[in-house]
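Undergrad: For reference, the chains in residue letters:
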Amino acid sequence: MSDAKAAEFQSRVDELKRRFGARLRVNADYLSALIAELDADTNRDECREKIRHLAHSLAGVAGTFGFSVISDAGANLENAVLDDASDDQLRARMQATIDTINREMPAS
Amino acid sequence: MDNRRSIAVAIVDDDRLFLDYVGHNLGVGTGIRVLKMSSERELVEAVAQSRLDCIILDFDLGGDNGLVIAQRIKARFASPPPIIMLTGAGSERMAVKAFRSGFSDYVSKRNLNIGELLTAVRDAVAQWDIQEAARSDIARMKQQLTLDPTTGLFGAASMAAKLNQLTQENRAFTALLIDIIDLVEIRQKLGHTSADEVIHRFADRLKETATGGDLTGRYADDGFIYIGENLHEKAGIETLMTRLKQALTFSATIGTATVRLAPSIRAYGGQDDQDPHLDQVSTGQPSSASDRPKTHSASAVGAVPSQELSPSHDSALPSDVAAKPDTRIDPRDDLRGERRQRVLKRAKIVDDGLNISIDCTVRDMSSKGLRLRLDSYFAPPDRFQLMIVGSGTVQPVRLAWQVGDELGVEFLADGVSI
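If you're matching them up, the sequences are chains A and B in order. Just so we're aligned: the first sequence equals residues 17 to 124 in this note's numbering. Just so we're aligned: the second sequence equals residues 6 to 423 in this note's numbering.
Please note: incorrect hints may appear among the correct ones.
Every beta carbon over 12 Å from chain B, so not counted as near; a handful from chain A, in silico [said to hold, decoys possible]: (1) S102; (2) Q105; (3) R107; (4) I114; (5) R119; (6) E120; (7) M121; (8) P122.
Capping the alpha-carbon separation at 25 Å, the derived lysine-lysine pairs in DSS-like fashion look like this [stated by the list, open to error]: (9) K66(A) with K353(B); (10) K21(A) with K33(A); (11) K212(B) with K239(B); (12) K66(A) with K350(B); (13) K33(A) with K41(B); (14) K79(B) with K353(B); (15) K353(B) with K102(B); (16) K102(B) with K79(B); (17) K79(B) with K41(B); (18) K350(B) with K373(B); (19) K353(B) with K373(B); (20) K21(A) with K41(B).
Because the hints were derived from the structure by calculation, they are not lab data. A virtual CB, placed ideally from N, CA and C, is assigned to each residue, including glycine.
Generate coordinates for the entire structure from the input sequences, incorporating the hints supplied.
TA: Take a look at the structure:
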């Protein structure tokens, strides 16, 4: 690959990573909203499924973009849902995932 | 110098950003052409157009499950490209499940290494190329066989040779070209394995119906040919066609579906080029047969009919020959006595054996069972759990019938409510 093409390739990779970083911050906000939804206790099963789906996505995708710590946090959270952890345990895992995202992706 | 052939790969994932990222990394400087897709529908279209050498399929594709999608692809297409499963839930258990379901490889999304994915794609394509070459060899050998291995009838090459011989010797004969009406639809709805079974049953009937020195065999891909020597009187040909039509119109139970079959029959005469023995006639109105060029069938067996016969005149035919046959796929429990109550509820088929669940809709119910509609084709096990979304009710049920995307299930417990 020529230098120009390599630079173009890397530029596109960087752009996709930047967009993923922005999405992670949205994911952290969504997790906060889901904690509130869990507290409200309106539809427990539906809320847990939303949490599992988001956690599954974080676990699967974050590592690909180079955020393996966030991927691990997502995997821990997904396992908590799959293991039918208590609401308190789930809240703790969710908060830990939010903290990890904030630490890895500080607001610019 | 890199002699590897170019490879077209479909990546199917509902996460657009992930798709862009992996597609970009996989498609630059690797000789791989990446097609990014987000749904099963797009994937099916691409496979149907034979545009793909490999598929990378996300396990968790929105509401669908990658195992089920792969199963549907394999049921629908006789020789689909290799499929690599991509999943966020990396585990040994999942890998075993993927291999048992016929996936070529399994790659975890978690901390995905593009180089690893690239290697998996190249290995899968190389393996598939070897298998495809073997399949082509077998197909070539089958073409040369005297007998068609699927049906036991004479093969296309044998029938072509016979037609050539009759033509060269200027002998009187009639060739009837026979197709199974709606075979394309049957293949789409029930999969190619069931379609092969249909062809097999149809061939058995045809074999039983042949009389005297008449020959039955295959032509083209899915067609049959019946050659009657010394058969050239119009009345005799019509009688034979009526008899064939009656014998080849029947119901066959294939797995959990009952398929009603009927033939499309066209006649070609031999010997007298100037004075055709009969009009070209057809029974039924199959789209596949009527759309086909008239000379295609004959040239497919290597012989040109002595005369392309003129279009049919249904009035010249016995009424039961001219009528469009009632070809359809019927559920087994059409004769149920109890009135069913209409229902519209989301549910999940839970297969404990495969540890998967399939989304479906409950369409109607009685005290004995339910009618379910799947989002698309799936072959469920004989018994499974049905979970009603919302109420959380779980009922053990038994599969009573399946037609395409619709299932009939019977409750295994009494006094059931959903």
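Undergrad: Compare the structure with each hint and give your call.
TA: Taking the hints in turn, this is what the structure says about them:
1. Chain B leaves S102(A) outside its interface by the beta-carbon criterion, the shortest separation being 19 Å against a cut-off of 12 Å.
2. At the 12 Å boundary, the C-beta of Q105(A) stays outside the reach of chain B, the nearest C-beta of that chain being 20 Å off.
3. The Cβ of R107(A) sits about 22 Å from the closest Cβ of chain B, beyond the 12 Å cut-off, so the non-interface label holds.
4. With a least beta-carbon separation of about 19 Å from chain B, I114(A) lies farther than 12 Å from that chain, consistent with its non-interface assignment.
5. The claim that R119(A) lies off the interface holds: its Cβ sits roughly 18 Å from the closest Cβ of chain B, which is beyond the 12 Å cut-off.
6. Non-interface call for E120(A) relative to chain B: holds, since the shortest CB-CB distance, roughly 14 Å, exceeds 12 Å.
7. The non-interface label for M121(A) is consistent with chain B: the shortest C-beta to C-beta separation is roughly 15 Å, beyond 12 Å.
8. The beta carbon of P122(A) is kept farther than 12 Å from every beta carbon of chain B, the shortest such distance being approximately 20 Å.
9. Restraint check: the Cα-Cα separation between K66(A) and K353(B) comes to about 17 Å, which is no more than 25 Å; the hinted pair holds.
10. A distance of roughly 18 Å separates the Cα atoms of K21(A) and K33(A); the hinted pair therefore holds under the 25 Å criterion.
11. At roughly 23 Å between alpha-carbon atoms, K212(B) and K239(B) fall within 25 Å of each other, so this suggested pair holds.
12. For the hint pairing K66(A) with K350(B), the CA-to-CA distance comes to about 20 Å; that is within 25 Å, so the pair holds.
13. For the given pair, K33(A) sits about 18 Å from K41(B) by alpha-carbon distance, which is consistent with the 25 Å threshold.
14. Distance check on the hinted pair: K79(B) and K353(B) sit about 22 Å apart at the alpha-carbon level, within 25 Å; holds.
15. Note on K353(B) and K102(B): the hinted pairing holds, with a Cα-Cα distance of about 20 Å set against a maximum of 25 Å.
16. As the CA atoms of K102(B) and K79(B) are separated by approximately 16 Å, the hinted pair is consistent with the 25 Å bound.
17. Taking the CA atoms of K79(B) and K41(B), the gap is about 20 Å. The hint holds against a cut of 25 Å.
18. Among the hinted pairs, K350(B) with K373(B) is consistent with the structure: their alpha-carbon atoms are about 17 Å apart, no more than 25 Å.
19. Taking the CA atoms of K353(B) and K373(B), the gap is about 19 Å. The hint holds against a cut of 25 Å.
20. With a C-alpha separation of about 21 Å, the suggested pair K21(A) and K41(B) falls inside the 25 Å cut-off, and the hint holds.
Every hint, counting from the list given before, is met by this structure.
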